[in-house]
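Asks: Single-letter residue listing:
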Amino acid sequence: MSVGDAARVTRVTRVAGVGAAPRPGQPARPRPPASFEFYSWYFLRLSGVLLVFLALGHFLLMHVVHSIRDVDYAFAARRWATPAWRIYDWLLLVLALLHGFAGLRGVVDEWVRPRSLRRAARLAVWGATAIFLLLGTYVVLAFRAPLG
Amino acid sequence: MLVYRDRGGHRAWVLHRLTGLGVLAFLCLHVLDTALLLRGEDAYNHLVRGVYQQWWFQPLEVALGAALVYHALNGLRLVLVDAWAGGVRYERPIRRTMLALVVLAVAPLAAVMLWPYLSAALGGGT
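In the order they appear, the protein sequences are chains S and F.
Going by our numbering, the first sequence opens with residue 1, and the numbers climb by one from there.
Going by our numbering, the second sequence opens with residue 149, and the numbers climb by one from there.
These are calculated hints, taken from the structure and not from any lab test.
One or more of the hints may lead you astray.
Stated by the list, open to error - Here are the simulated distance ranges between beta carbons:
1) S:A145 to F:L177: 16 to 26 Å
2) S:P83 to F:R155: 48 to 58 Å
3) F:A255 to S:A142: 34 to 44 Å
4) S:T137 to F:A173: 13 to 23 Å
5) S:R122 to F:L177: 20 to 30 Å
6) S:A145 to F:R159: 43 to 53 Å
7) F:G157 to S:L133: 32 to 42 Å
8) S:L133 to F:F205: 42 to 52 Å
Here a beta-carbon is modelled for each residue, glycine too, at the ideal position from N, C-alpha and C.
Model the full assembly from the supplied sequences, consistent with the hints where possible.
Replies: What follows is the structure, given as structure tokens:
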């Protein structure tokens, strides 16, 4: 069972109180506390819906409205001269990285069984998340097109 | 590993995972190539022209687009099946509709992306 599914079961339990079906007069079964995995699952769904627009929009803009043959340094500099595009790109960067690495965390939890290996893999996923977030954010903020 | 009794549903799940991993791999590459902007015009243009604009990279670009479209539509299908009470009952028609939409979206996308390269190759031009 994948972590996403585990979180989903948790959610279903929280929402519908599966198996609880309290008889009248009986107190409802207490909800289990929302875990990190629950929030992770919820974030995957929420960011996923946003990314349908942000990521597909970015791909269509680059490959249908423009073409990969238009893309070069000058193209990027012109684009990022507009702050709105930097904000768009940064939002896409953050949501896509967090969504992708949250998914990868689920894959690791499901496929990597040996304990020490799993701990190392989890650490690597968190490390990669941090590195790409920091690098990407730095590039979006630090890029300055040369004058002229 | 999870194995569903419904084989179509299982295949959809495997594809969701594979396309997700593929898009994540490209995303990481894309963060690195964009970082070349900080190394200046020559470094960035050298990479874009030497890799992304080459004819042999175009099928990979189309594969990226197809993976994105599939992952997006299948993800929306999961949301629908979970959120809508009738979702489980109409699981199969919803899945088939989703697959049809993927094909309908990817075919013109591939045509638009590959056309300049194909016409150049067939015309023997630049």
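Asks: Could you run down the list of hints and mark each one as holding or not?
Replies: Here is what the structure says about each hint:
no. : hint                         : verdict
1   : S:A145 to F:L177: 16 to 26 Å : holds (23 Å)
2   : S:P83 to F:R155: 48 to 58 Å  : holds (49 Å)
3   : F:A255 to S:A142: 34 to 44 Å : holds (40 Å)
4   : S:T137 to F:A173: 13 to 23 Å : holds (20 Å)
5   : S:R122 to F:L177: 20 to 30 Å : holds (23 Å)
6   : S:A145 to F:R159: 43 to 53 Å : holds (46 Å)
7   : F:G157 to S:L133: 32 to 42 Å : holds (33 Å)
8   : S:L133 to F:F205: 42 to 52 Å : violated (26 Å)
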